[in-house]
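S.K.: Fit chain B to the known structure of chain A by using the hints.
One line per chain: the protein sequences are A and B, in this order. My numbering applies: residue 1 is where the first sequence begins, and numbers increase by one. My numbering applies: residue 1 is where the second sequence begins, and numbers increase by one.
Worth flagging that the hints you see were computed from the coordinates, not collected in a lab. A virtual CB, placed ideally from N, CA and C, is assigned to each residue, including glycine. Incorrect hints may have been included.
A few chain B residues that don't get close to chain A, going by computed Cβ distances all over 12 Å [claimed, not checked]:
(1) G136
(2) E229
(3) K254
(4) R255
(5) V286
(6) K311
(7) P420
(8) K552
Incomplete in silico selection of chain A near chain B, CB under 10 Å [unchecked claim]:
(9) D36
(10) D88
(11) A95
(12) F96
(13) P97
(14) L165
(15) R182
(16) F281
(17) S288
(18) V294
Restricting the straight-line Cα-Cα distance to at most 20 Å, the calculated cross-link-like pairs of lysine to aspartate or glutamate (EDC-like) are [what the hints assert, rightly or not]:
(19) B/K196 - A/E61
(20) B/K417 - B/D443
(21) B/K196 - A/E237
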Amino acid sequence: MHGYGQYILKRLGQFVLVVFVGISITFFVTHLTPIDPVETTISAAAAFGSTSPEAIAMLRETLRELYGTEGNVIQQYVTFWGRILQGDFGPSLSAFPTPVSELIARALPWTIGLLVTATIIAWVLGNILGGLAGYYRSNVLLKMSGVLAMGLHPIPYYIVAFVLLILFAYVWPIFPLSGGYRMNLAPRWDATFILSVLYHSILPALSLILVGLGSWFMGMRALVSNIVTEDYVQYAELGGVNRRRILSRYVMRNALVPQMTGLAMSLGAIFNGAIITEEVFGYPGIGSLLVDAVHAGDYSLVLGITTISIVSVAAAVLIIDLAYPLLDPRVKVA
Amino acid sequence: MAIGRTLTVAVSTLAATTVAFAQSQVTDLPREQTLIVENPEGTIKNASWFNYWSVNAGGRSTGLQQLCMDTLWYVDSDEGLDGAWDNSLAAEPPQYNDDFTEMTVKLREGLTWSDGEPFTADDVLFTVETHKNSNGLYWSAPIQINVEEATAPDPHTVVFKLKKPNSRFHIIFTVRWNALWIMPEHVFADAGDPLKFAFNPPVCLGPYKLMAFDPNGKWFTWEKREDWENTSVARFGEPGPTYVAYTDPGPPDKRVIAQLNHELDIIHDVAPEGMFTLARQSPSSVAWFDGFPYAHPDPTLPSLIFNHQNKVFSDSDVRWALALLIDIKAVSMASYRGAATISAIAIPPTGTHPSDYHKPLESWLEEFELDTGQGTIKPYDTEITLALAEQLRASLGDAIPSDPEAIQAAFGQGWWKPNPEAAAQLLEKAGFEKRGGQWYTPDGEPFRIRIVVEGEKRPVMTRAGTMIAQAWRQFGIDAETEVAEGTLIQRRNTGDFDAIISWSVETLGGHPDLAFFLDSWHSEFIAEPGAPQPPRNWQRYSSPELDEIIEKIRGVGFDTEEAVELGRDYAKLMVREMPIIPLMAYNVFTVMDTTYWTGYPTADNPYTNPVPNWANTKYMMTQLRPTKPD
Numbered sequence: 001m002h003g004y005g006q007y008i009l010k011r012l013g014q015f016v017l018v019v020f021v022g023i024s025i026t027f028f029v030t031h032l033t034p035i036d037p038v039e040t041t042i043s044a045a046a047a048f049g050s051t052s053p054e055a056i057a058m059l060r061e062t063l064r065e066l067y068g069t070e071g072n073v074i075q076q077y078v079t080f081w082g083r084i085l086q087g088d089f090g091p092s093l094s095a096f097p098t099p100v101s102e103l104i105a106r107a108l109p110w111t112i113g114l115l116v117t118a119t120i121i122a123w124v125l126g127n128i129l130g131g132l133a134g135y136y137r138s139n140v141l142l143k144m145s146g147v148l149a150m151g152l153h154p155i156p157y158y159i160v161a162f163v164l165l166i167l168f169a170y171v172w173p174i175f176p177l178s179g180g181y182r183m184n185l186a187p188r189w190d191a192t193f194i195l196s197v198l199y200h201s202i203l204p205a206l207s208l209i210l211v212g213l214g215s216w217f218m219g220m221r222a223l224v225s226n227i228v229t230e231d232y233v234q235y236a237e238l239g240g241v242n243r244r245r246i247l248s249r250y251v252m253r254n255a256l257v258p259q260m261t262g263l264a265m266s267l268g269a270i271f272n273g274a275i276i277t278e279e280v281f282g283y284p285g286i287g288s289l290l291v292d293a294v295h296a297g298d299y300s301l302v303l304g305i306t307t308i309s310i311v312s313v314a315a316a317v318l319i320i321d322l323a324y325p326l327l328d329p330r331v332k333v334a
Numbered sequence: 001m002a003i004g005r006t007l008t009v010a011v012s013t014l015a016a017t018t019v020a021f022a023q024s025q026v027t028d029l030p031r032e033q034t035l036i037v038e039n040p041e042g043t044i045k046n047a048s049w050f051n052y053w054s055v056n057a058g059g060r061s062t063g064l065q066q067l068c069m070d071t072l073w074y075v076d077s078d079e080g081l082d083g084a085w086d087n088s089l090a091a092e093p094p095q096y097n098d099d100f101t102e103m104t105v106k107l108r109e110g111l112t113w114s115d116g117e118p119f120t121a122d123d124v125l126f127t128v129e130t131h132k133n134s135n136g137l138y139w140s141a142p143i144q145i146n147v148e149e150a151t152a153p154d155p156h157t158v159v160f161k162l163k164k165p166n167s168r169f170h171i172i173f174t175v176r177w178n179a180l181w182i183m184p185e186h187v188f189a190d191a192g193d194p195l196k197f198a199f200n201p202p203v204c205l206g207p208y209k210l211m212a213f214d215p216n217g218k219w220f221t222w223e224k225r226e227d228w229e230n231t232s233v234a235r236f237g238e239p240g241p242t243y244v245a246y247t248d249p250g251p252p253d254k255r256v257i258a259q260l261n262h263e264l265d266i267i268h269d270v271a272p273e274g275m276f277t278l279a280r281q282s283p284s285s286v287a288w289f290d291g292f293p294y295a296h297p298d299p300t301l302p303s304l305i306f307n308h309q310n311k312v313f314s315d316s317d318v319r320w321a322l323a324l325l326i327d328i329k330a331v332s333m334a335s336y337r338g339a340a341t342i343s344a345i346a347i348p349p350t351g352t353h354p355s356d357y358h359k360p361l362e363s364w365l366e367e368f369e370l371d372t373g374q375g376t377i378k379p380y381d382t383e384i385t386l387a388l389a390e391q392l393r394a395s396l397g398d399a400i401p402s403d404p405e406a407i408q409a410a411f412g413q414g415w416w417k418p419n420p421e422a423a424a425q426l427l428e429k430a431g432f433e434k435r436g437g438q439w440y441t442p443d444g445e446p447f448r449i450r451i452v453v454e455g456e457k458r459p460v461m462t463r464a465g466t467m468i469a470q471a472w473r474q475f476g477i478d479a480e481t482e483v484a485e486g487t488l489i490q491r492r493n494t495g496d497f498d499a500i501i502s503w504s505v506e507t508l509g510g511h512p513d514l515a516f517f518l519d520s521w522h523s524e525f526i527a528e529p530g531a532p533q534p535p536r537n538w539q540r541y542s543s544p545e546l547d548e549i550i551e552k553i554r555g556v557g558f559d560t561e562e563a564v565e566l567g568r569d570y571a572k573l574m575v576r577e578m579p580i581i582p583l584m585a586y587n588v589f590t591v592m593d594t595t596y597w598t599g600y601p602t603a604d605n606p607y608t609n610p611v612p613n614w615a616n617t618k619y620m621m622t623q624l625r626p627t628k629p630d
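Okay, chain A solo, but in the shape it has when bound (with noise of 0.2 Å):
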């Protein structure tokens, strides 16, 4: 156990350097983006109206001091760590004065909801549908699945999500194409309101998984395929033992780990949000209010969304890094 306490320590020392670096990255990049907030929200401003010169100009001074982009980058880089260690990042610069904290709480549990659902499930099917491809090999059925998931795999996500749309909410207009739930509705915890927003994340779940499953399903199957060459299950075989043990037990367990591991990452990267779902299907979420972020050169609003990213990503690897040893006793800890 003292070889497990000096692994975690050691990892745990691994989680905070690659948050650290994360973030300073992050917000180096971000403040070394030619958008700025300041000239985004004057033009926004003065797009429609007749403004003069000289009231752009003390709006300019106005809103650097708002803003908080007086000062140089060390010294932001600074005031951003103070922030970001008490947990707060600040006004949104393109949403002011709303806190980001704020924004980010309204749009992730969409994401979280529609992601987490849609990998979990897709992750489920894949495996057990690679598992068994990739065992009972002479089966005709499960060798369709596969040709079928090695046929959806390569198509990029935003046809298959365009196909969905046309064929489900325009040739055959069953649901909606867009939102997150009906318009007018009041968002509460009542039957019309989660009947609603199930009714609105069948698409763009659906989209999901069907996208995600071919890569679960091609990486189970080989896994097993390897797997099944092995002398234990070879041995097994040969001893007689039920088949459907030898695949629950010695096979897809075995095979499990490194799909684990794939799992902990698609969730942790669950934090940034599917963009191009969130785009398509106009479901609400943290993908589409990052691309928003960038655009608008809200820098506060990007670091904020990335910082969670970055450690809900790390957090996820460390979790895996810290469950292996107990999950495989293959794994030394030394």
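M.R.: Chain B alone, transformed into the frame defined by chain A:
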């Protein structure tokens, strides 16, 4: 057979039921009483914020400025219901003293806020005082720069004493797209810092009040006020829709699908291709023009803008040479697929401008001569739009008007005839030289031009820039486009371009006064190279003659014939000097579905601008009527 029939009936019933169910999931508002409009702002990040006055805080064209806000005056970019000028909260036009240091406003009586409180001069005074005392509101700076004092001698009169003469001060309170909206004193007085007050729910002076909104910013719904008669638009009748929903329908393709599904009554804008699809496939869809070019020309003038701080463009002969290399028909076809309304002069060919400027200047343009150094030419071609219409008629048939007047109304009047020979002479006159098929500047450097375009975010403008670069390249100039998607604003504002496709001319449209944009073109406002340029003189062009015109406009009244004459002087100067190359109006393909509503504004009934993010949409509401009344 019986099984087959049963199956067919079952499948059909299932299909119909599921489609009906899907339709019911669009909104729970009664569809035949609801107008559904695209909000081009997209998804609003902080949807619960309705404090319009706070800079950059929330959505604006979510219905907030179209249905809820109100201010003293409106000027329509088209004809208006009772003329383009409308006294909205004001009872009459602004009254200035002789030296334009004082403006008196008479307010309408009997108007109320949506919570029943009466609208009075105190609300106007509070709005002004709040802007004087707070930095960071949209209109803080213009109020602080202009207003010495505002007083109310009675509950329906406001007198503004100005810090310096300003004959156009009222424009701050005059809606073109928006303006300084009047704040409800009884709400904001106790709200604390106006920069931090969300104003949720908003209290409205307009004929609608907020019903609901999506916290994720996808939609906003508004309900007609029971006391709509106490609002300024009641003079034009009762607003038709009981409910109005503003929604983010997503990218252009989805907007087209949404209208084909009758789930979106007004599309703000689509690409020309989307418009053509709707014209073909949706008999219930209408646009500004009944046929080609369909689009509404906004009072905005996309142009090729030179950076005058780049010395290669300092000579008007060079700028004219570049203009004479452009085939406007090709640009129109490339950008708008022919559906462009072109303009040779630096004034948008829309609203009342053709009658105030384009037609009166037509004979001057026809006689305008250009000295190429080896002779003189008359570059203006009056037949160019007729030729464009003829070219389009081959594929579009009857959709193209045949009456020359109608063609000019839709496609514009004339433009410059491509003349590469004269262009070469002009470049040579300016000291340029052509060697080995490549033009060189007087300094011996290759003549290199990078045209900044916005890319996929604004494909129409990008395609125009690409076509122009191609024409210049074929002539031997090292010309290319540079896509600045996301950074165009920054590059334009700081002058980081050789040339850019953008607009620096925006007018009122329905009124001939040009001070709206022209005042900011005075040379006193030109920034140093690299420093941000205040809107809108992006070309950083200065000319003593132009300064003189601007100063004269400042000294004459808004509604005077002198102002129009000075506007024509400006247009002539722009032609002689060509500091920007005007291309065409910003054509907006607003498409309106008549399945549930009729009475939309069109070129045949141009009572207001149909583009639904403009605040004067409130006038449209009074003219819309349901096709399926109860």
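S.K.: Run the structure past the numbered hints and jot down the numbers of the failing ones, going up.
M.R.: 1, 3, 4, 10, 20 and 21
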